[in-house]
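**Q** Here the protein sequences come in this chain order: Y and L.
For the first sequence, this note's numbering gives the first residue as 20, with consecutive numbering after it.
For the second sequence, this note's numbering gives the first residue as 14, with consecutive numbering after it.
For the record, the hints were derived by calculation from the structure and aren't laboratory data.
Among the hints, erroneous ones may be present.
[Claimed, not checked] Below, computed lysine to any residue pairings styled on SDA-like, alpha-carbon distance capped at 25 Å:
(1) 203/L / 114/Y
(2) 203/L / 112/Y
(3) 203/L / 88/Y
(4) 85/Y / 94/L
(5) 163/L / 74/L
(6) 203/L / 74/L
(7) 203/L / 104/Y
(8) 295/L / 117/Y
(9) 155/Y / 60/Y
(10) 78/Y / 72/L
These numbers come from a predicted model, not from an experiment.
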Amino acid sequence: MPPSEQPAVEIDHVSYTYPATGFDAASSPAIQDVNFTIAQNTKLGILGPNGGGKSTLIKLILGILKPTSGTIKVFGQSPAHARQQGLIGYLPQRIGADLDWPISVQQAIALARSCRLKPWQRLSATDNAAVDHAIKLVDLQDLTDRPIGALSGGQLQRAMIARAIAGNPKLLVLDEPTVGVDIAGQQRFGKLIDTLHKELDLTVILVSHDMRAIAAVADRVACLSRSLHFHDTPQGLTPAVLAQVFAHDVAGVFGDIHIDAHLAESCDDPAHQHQHQHDCGCDHSENNGGDS
Amino acid sequence: MNEFAPAIIAALVISIMGAALSVFVVLKRLAFIGQGISHAAFGGVGIALVLGVHGATTAGAAGQLAIVVAFSIAAALWIAAISRSHRGRIDTAIGVVLSASMALGFVLFTLAESKHDHDDHGHATHGNEDQHHLIEDILFGNILDTDWSKAAITMAVAAGILLIAWFNRRRFIFWAFDEPVVDAYGLSSKRTTNTFLVLLALAVVMAMQIAGVVLAAAMLVLPGAAALNLTSKLRPVFIYSVLIGVAGAALGLLIGINADYPVGPTIVLTQSILYLVTLIIKTLAPRLRS
Numbered sequence: 020m021p022p023s024e025q026p027a028v029e030i031d032h033v034s035y036t037y038p039a040t041g042f043d044a045a046s047s048p049a050i051q052d053v054n055f056t057i058a059q060n061t062k063l064g065i066l067g068p069n070g071g072g073k074s075t076l077i078k079l080i081l082g083i084l085k086p087t088s089g090t091i092k093v094f095g096q097s098p099a100h101a102r103q104q105g106l107i108g109y110l111p112q113r114i115g116a117d118l119d120w121p122i123s124v125q126q127a128i129a130l131a132r133s134c135r136l137k138p139w140q141r142l143s144a145t146d147n148a149a150v151d152h153a154i155k156l157v158d159l160q161d162l163t164d165r166p167i168g169a170l171s172g173g174q175l176q177r178a179m180i181a182r183a184i185a186g187n188p189k190l191l192v193l194d195e196p197t198v199g200v201d202i203a204g205q206q207r208f209g210k211l212i213d214t215l216h217k218e219l220d221l222t223v224i225l226v227s228h229d230m231r232a233i234a235a236v237a238d239r240v241a242c243l244s245r246s247l248h249f250h251d252t253p254q255g256l257t258p259a260v261l262a263q264v265f266a267h268d269v270a271g272v273f274g275d276i277h278i279d280a281h282l283a284e285s286c287d288d289p290a291h292q293h294q295h296q297h298d299c300g301c302d303h304s305e306n307n308g309g310d311s
Numbered sequence: 014m015n016e017f018a019p020a021i022i023a024a025l026v027i028s029i030m031g032a033a034l035s036v037f038v039v040l041k042r043l044a045f046i047g048q049g050i051s052h053a054a055f056g057g058v059g060i061a062l063v064l065g066v067h068g069a070t071t072a073g074a075a076g077q078l079a080i081v082v083a084f085s086i087a088a089a090l091w092i093a094a095i096s097r098s099h100r101g102r103i104d105t106a107i108g109v110v111l112s113a114s115m116a117l118g119f120v121l122f123t124l125a126e127s128k129h130d131h132d133d134h135g136h137a138t139h140g141n142e143d144q145h146h147l148i149e150d151i152l153f154g155n156i157l158d159t160d161w162s163k164a165a166i167t168m169a170v171a172a173g174i175l176l177i178a179w180f181n182r183r184r185f186i187f188w189a190f191d192e193p194v195v196d197a198y199g200l201s202s203k204r205t206t207n208t209f210l211v212l213l214a215l216a217v218v219m220a221m222q223i224a225g226v227v228l229a230a231a232m233l234v235l236p237g238a239a240a241l242n243l244t245s246k247l248r249p250v251f252i253y254s255v256l257i258g259v260a261g262a263a264l265g266l267l268i269g270i271n272a273d274y275p276v277g278p279t280i281v282l283t284q285s286i287l288y289l290v291t292l293i294i295k296t297l298a299p300r301l302r303s
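Pulled out of the complex, with its shape left as it was, chain L reads as follows (with noise of 0.2 Å):
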């Protein structure tokens, strides 16, 4: 079997999750909430690594994730709770995450750098290289490093937050089309929010697999955005953006792949060039119509 299976299929299943919430994401205007929770799992990614954990074995990549997950979801509490108390000024708040996180996260890796670099005589190593490489790969991401072990984890978070949004899904489409109404029907405005932040931030952890803290947020975004060129109505909208963001993902892969590119970024540049074709479309197609 191809020795990129399982990055192919983790990126595959990545794309899917992204693609179905990227509807939200864009409708909702929450792009640049991605963009606080990816550079905000710098600071939990650099916590991991002061606390000596690291992703060179299946537990430690675990526990990596473990505490990348639970950074980047008290990340996107906290731009909710800033948020509300700023009454909803939430690129405020997203400001304030972002920059304390990224700072946070420049901080303790070069704690943890300082660390590697002396044995505990004091000796200097050579761990430098490495710890480069790794923030390398945390930025711009690194999925062709995928084991199956790797990819089973990213399978089962994947499958938990489609799940959990199918079982949301009335209460999203609700929430995200007419928010200042729900709780007058019954729905907690500010539970669906915590909800959504909270499977948006596992899956910006995820994506971060792929196109790193830089562009994970990326993948959140362009799919839905294309759909959204092509369609007004409501099923198809979500049909397409899986389809756009699978068909970005599979082009991604095979280009990054044969020409040696950085999968990454090729991915999300193809879904970018996907979305630019749905927006010609969407330009010409009344000219032609008429």
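Bound conformation, chain Y alone (with noise of 0.2 Å):
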């Protein structure tokens, strides 16, 4: 298979049961017989709940977990060996680097090739050039002598997305990037992502439970709880395949999203019919997913 038909995610019939810890714990799968690919070039949604498997998955992913069962194939690699090689960046759930380290912008998203150095080597023109690019990408040139602690939550998070594509991956892996951003932001954030897609030939993976910041990013979407429920366009999710990932009536919870997850006059769930005409008003197109 020519490189660029090969999928940059094969993941098959996997599942995952982490190791039961104490006389008290018993231990369920994470997930389960999870089965799907992920074309090159595609920006992929994988939405579900709190619980769900999502951490899970990316960890299998990354490479950080190996299977229980089934088998995970990035770019054609396990993926341990894609991750050697710099083929995935990786932007976690949560920021837990120790910002009060004396470390500028610039050394902080350098890190991400210098690690990969011999102890004797230094980062050469190339990698000089590569760490640049990024932070041109995310738009942090004027901030690159400042202290990693004295940026903004937003600066930040560029700041470690820039991190994050320094070393030149193919596929880029964001967990729940968007936690307790508004939408506005979560706009943004859809944006830059989309820049990085277009500049570097990325392949995006986004997790997340907040159907919002699916639709901001991604052109294709993935439900997990446990096991994969759906794997398609956001315009295809409907009011039941959100009901059973979520074991709830989603219509509820997610109020106008509902609206955004899909074309309204697609819709012919009678449960979601009160969800319509409350929202009609709105423009259902703005924020659908890349596809619409």
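With the hints as a guide, bring the two chains together.
**A** Quick look at the structure:
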């Protein structure tokens, strides 16, 4: 298969169960028989409730966890090998960096490349150019010498995105990146990811429990609640699918997001008519995913 | 040459090593781990004593050092393992290791003492005073007893620690700055933690020669903490830390030897005073600038 046609990620009947700890701990699968492929240059949103196995799936794709059963390939290789080669960039759910560290924005971003150097090597011109390019893409070029702890929350997230892309990855994995961010912030974030996707030919995976975050970034959606319920464009998300994923009638939970998630005229679920009527004044196309 | 030359050289080398690691210890909040390891080393000394390995000869000193180092490394890795199994409750891990090792050390010291108090025929001997002197040295350090052979061992171990730390410097910086993501960047968080803790255990055992079980960890905290009061830039923080560590050790040696004060505590005291000075500078600098 030519490299350009090779799937970015192939997940083949993967299950994972965390080892039981302590005498009274029972172990049940965090994810079960998940099976899908992600084509290159896709922006996939993985939607699911808290505790639905999203972070576990990310750790499996990153190769930090090994599947209890099934196989995962990232660009045709084992995830651990792909990660060692710098093919995967990762933005964690919470920024756990120690902001008291005496390190500049530029140095923090350059860690993505310097950590792969031999002890006696220095950053090459290519390394420095890649770091500078990443900084430029996230628009932090005026803050490179500032201590990392002096950045605002939004700037810090952009610095972490720059670090994730500074190693020239082909796959960018974003774990709940817009928790606590307002709608305008989510849309700005979506635009930034879209720019990176186009500039760097990136495949993007974003996991979130928040449908707005998914809609702002993704052009395809997978719904995960231990097992995979759905894998298609955001427009295909029906209330029935969402109710199954979240084990709840989500119309009341997500409100107008029901409208955002699929074309209003395609919805024939009587349970959501009230919601439709209520939100019909909204611009339905505005917040749709990339395919709308 | 000055009779204290080996002691002075050993103390300065140890202070350089301690200062270099202290930046990571402070920023990674491992100060209490250093304390745990140094107290755990007490158990190692107890084992060496019961086995009859003691520092009266060069071979004996090397043997005792090897046992204490092995015990301290085991304690450090045990702390890391307990900490992982308790979902990061490192204070619990240290509390367990510190108490168990100190208790073991005291039991073994008493065992070794009663062994020495009676000769092979069961007759009483006069080893008590030596034993108490030894315990005092272990608790508070006695660097002035260092001869050239002990200084050579110290320099070799300290050079090894610094070399391994330099080889792993980028890995350590990334790990200490943002441990939750290092696995995703192809570094192993567990391996990096264990590597650093092994170095820390070695460094603590070296620092124990100066400051003993009670104060060794201070030498792996104060210089880094002081340097961080002066700068928020990566390279200068390591340079300042080493300068402060060496200055504190040199001043402490000078005062301790000339005034006949216990050298280890005097070094820790001078480093503490330097820390206070940097804290004052940090507090006053913004006001002076404005």
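**Q** Take the hints in turn and mark each one as holding or not.
**A** Hint check results:
1. 203/L / 114/Y: 19 Å, holds
2. 203/L / 112/Y: 20 Å, holds
3. 203/L / 88/Y: 24 Å, holds
4. 85/Y / 94/L: 20 Å, holds
5. 163/L / 74/L: Within the cut-off at roughly 8 Å; holds.
6. 203/L / 74/L: 32 Å, violated
7. 203/L / 104/Y: 20 Å, holds
8. 295/L / 117/Y: 20 Å, holds
9. 155/Y / 60/Y: 21 Å, holds
10. 78/Y / 72/L: 50 Å, violated
Of the hints listed earlier, those the structure fails to meet are numbers 6, 10, in rising order.
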